[in-house]
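Colleague: Next come the chains, spelled out residue by residue.
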Amino acid sequence: MKLVVCAGPATTGKTAVLRHMIRKLLAKNLRSAFLKIDVQYAEEDEIFAREFEIPTRKVYSGELCPDHCNVMVLGDALRWASDESCQVLMVETAGLCLRCSPYVDGGLGMVVLEATSGMNLPLKVGPMLSLADIAVITKIDRVSQAEREVFRYRIQDVAPQVRIREVNALYGIGIDPLVASVEAFPDAGENLLLRGNPPVGTCTICVGKKEVGWQAHFGVVRALDNQVFYRGE
Amino acid sequence: MIESITILSGRGKQGISETVRRIDFKMGDVVSIVGPTGSGKTTLINDIELFADGTTPTGRTVLINGMQPSSEYRDNPACNPIALITQHTTFLSDLPVHEFLKAHARIRSNSDRGSQELIQQTLDFANQLTGEPIVLTSQMTELSGGQTRALLIADATIICNTPIVLLDEVENAGIHRTRALELLRQYKKIFVFVTHDPRIALLSDYRIIMRQGCITDVLYASEEERECAVRVSHLDDLLTKMRDKLRYGERLTIEELEGVL
Numbered sequence: 008m009k010l011v012v013c014a015g016p017a018t019t020g021k022t023a024v025l026r027h028m029i030r031k032l033l034a035k036n037l038r039s040a041f042l043k044i045d046v047q048y049a050e051e052d053e054i055f056a057r058e059f060e061i062p063t064r065k066v067y068s069g070e071l072c073p074d075h076c077n078v079m080v081l082g083d084a085l086r087w088a089s090d091e092s093c094q095v096l097m098v099e100t101a102g103l104c105l106r107c108s109p110y111v112d113g114g115l116g117m118v119v120l121e122a123t124s125g126m127n128l129p130l131k132v133g134p135m136l137s138l139a140d141i142a143v144i145t146k147i148d149r150v151s152q153a154e155r156e157v158f159r160y161r162i163q164d165v166a167p168q169v170r171i172r173e174v175n176a177l178y179g180i181g182i183d184p185l186v187a188s189v190e191a192f193p194d195a196g197e198n199l200l201l202r203g204n205p206p207v208g209t210c211t212i213c214v215g216k217k218e219v220g221w222q223a224h225f226g227v228v229r230a231l232d233n234q235v236f237y238r239g240e
Numbered sequence: 032m033i034e035s036i037t038i039l040s041g042r043g044k045q046g047i048s049e050t051v052r053r054i055d056f057k058m059g060d061v062v063s064i065v066g067p068t069g070s071g072k073t074t075l076i077n078d079i080e081l082f083a084d085g086t087t088p089t090g091r092t093v094l095i096n097g098m099q100p101s102s103e104y105r106d107n108p109a110c111n112p113i114a115l116i117t118q119h120t121t122f123l124s125d126l127p128v129h130e131f132l133k134a135h136a137r138i139r140s141n142s143d144r145g146s147q148e149l150i151q152q153t154l155d156f157a158n159q160l161t162g163e164p165i166v167l168t169s170q171m172t173e174l175s176g177g178q179t180r181a182l183l184i185a186d187a188t189i190i191c192n193t194p195i196v197l198l199d200e201v202e203n204a205g206i207h208r209t210r211a212l213e214l215l216r217q218y219k220k221i222f223v224f225v226t227h228d229p230r231i232a233l234l235s236d237y238r239i240i241m242r243q244g245c246i247t248d249v250l251y252a253s254e255e256e257r258e259c260a261v262r263v264s265h266l267d268d269l270l271t272k273m274r275d276k277l278r279y280g281e282r283l284t285i286e287e288l289e290g291v292l
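In the order they appear, the protein sequences are chains L and Y.
Going by this note's numbering, the first sequence opens with residue 8, and the numbers climb by one from there.
Going by this note's numbering, the second sequence opens with residue 32, and the numbers climb by one from there.
Everything labelled a hint here was simulated from the structure, so no lab data went into it.
Quantities reported herein were computed from a predicted structural model and do not represent experimental measurements.
Careful: at least some of the hints might be erroneous.
[As the list claims (entries may be wrong)] Short derived list, chain Y residues pointing at chain L, Cβ under 8 Å: (1) 69; (2) 105; (3) 117; (4) 172.
[Unchecked claim] Cross-link-like lysine-lysine pairs, in silico, DSS-like; alpha carbons within 30 Å at most: (5) 131/L to 35/L; (6) 131/L to 217/L; (7) 133/Y to 35/L; (8) 133/Y to 131/L; (9) 44/Y to 31/L.
C-beta atoms are modelled at their ideal positions from N, C-alpha and C, and glycine is treated no differently.
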């Protein structure tokens with residue numbers, strides 16, 4: 008089973024990119040199962056099930072962060088895709104918080120970013136970009152060549168080992184190299200490990216403390232004047 | 032070094048095979064693509080931008096220097112020899128023009144002095160295409176439609192300096208088209224215009240005719256058409272002049288049309 012984990016901010020075109028990939032994989036007799044992880048609403052699973060007649064599912068992460076939810080369900084999902092006699096499992100996740108990333112060793116990590124989101128975006132998204140294998144840039148026809156080049160350059164600057172693919176996801180332009188990357192990627196093994204170091208996990212907000220002000224909290228605390236980031240290991 | 036691009040024919044809508052089997056663009060060519068709306072003009076430049084290899088919906092193949100393009104063009108966007116400006120393309124950055132151009136020039140030039148020169152050339156180029164000159168200290172988002180188009184073209188031609196520039200219906204925003212073509216001809220590149228504008232079509236070296244998704248003909252501008260181009264330009268200038276007069280609150284007279292209409 009080949010595993011593809013696709014992350015990216017909302018409205019960047021993740022679904023549009025995956026749609027073209029699924030179609031092209033099917034044409035090569037590689038059947039995909041599709042899992043969508045979102046917080047509270049998604050319909051891509053129903054759309055893909057109708058469009059391609061492939062097995063699809065969705066999970067609402069609800070009170071968990073979507074990346075956390077991904078770690079919980081990914082093992083089950085690989086077994087499910089295998090039971091459905093698929094050769095590829097595509098996981099699309101919202102990737103909301105920019106402190107960690109959903110990619111695992113053994114799966115192709117793909118981030119979808121839109122060129123229209125501003126030249127500084129590559130500097131903002133953190134491990135969702137730097138730990139990916141491929142950065143897919145969409146909406147390239149909407150911005151000037153200058154912004155397109157600066158955007159690309161800044162990705163190379165913060166994540167030099169990430170391959171960059173520029174695509175037009177509306178027309179399916181530039182999708183073939185993505186499909187080739189999936190085909191070339193080895194099958195996912197038994198014991199999958201999260202690729203990045205998760206952020207520090209003792210969050211007093213997450214366990215229900217609502218008081219405002221660092222004095223009321225413990226674990227990792229930040230005052231306005233303290234600009235030191237704690238970055239895990 | 033890129034010397035030519037070749038388009039090998041594919042299929043149009045309803046699977047009709049194209050009759051024009053092969054077109055070669057040579058370095059220095061200025062080409063127009065013309066045809067009614069929906070005839071496949073944008074699809075054709077999409078094929079070029081993608082270096083179609085027979086797998087796009089049209090089945091066309093694009094060659095560079097007569098050969099299949101090096102995978103580097105596709106794999107490394109920084110090596111992409113094509114700049115694309117469409118009718119939707121715009122600047123999104125809210126920066127002063129100078130800061131913006133500097134950010135771009137820096138990644139193209141190694142020295143501060145080099146990038147300073149690029150910025151000045153780009154601005155000079157753009158200002159020859161616009162009515163109102165662009166000021167380096169104004170914000171990108173304050174530029175008018177015409178100034179934006181002019182700067183997009185100047186930036187793609189001078190700072191990007193890609194050997195191939197694709198321009199999809201950029202004429203609508205009021206730039207000096209005759210001047211644009213004269214200026215672009217000084218740069219030895221392949222310029223491909225998707226256009227509805229008679230002036231651009233007639234001033235191009237040749238024009239590709241599209242119908243129902245197919246390339247149906249390639250027409251070289253005839254002597255007579257070159258003559259027409261001059262007159263069309265007069266007509267166009269006259270219209271522009273009348274438009275300007277209306278804009279500035281002046282009155283029009285029949286006299287202005289004497290000898291023309």
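Colleague: Look at each hint and say if it fits the structure.
Modeller: Do the hints match the structure? See the list:
1. 69: violated, 15 Å
2. 105: Hint on residue 105/Y: holds, closest Cβ of chain L at ~6 Å, below 8 Å.
3. 117: At about 5 Å, which falls below the 8 Å cut-off, the nearest Cβ of chain L leaves the hint on residue 117/Y intact, so it holds.
4. 172: Violated - the Cβ of residue 172/Y stays beyond 8 Å from chain L, reaching only about 12 Å at its closest.
5. 131/L to 35/L: violated, 37 Å
6. 131/L to 217/L: holds, 27 Å
7. 133/Y to 35/L: violated, 46 Å
8. 133/Y to 131/L: holds, 21 Å
9. 44/Y to 31/L: holds, 21 Å
The earlier numbered hints that this structure contradicts are 1, 4, 5 and 7.
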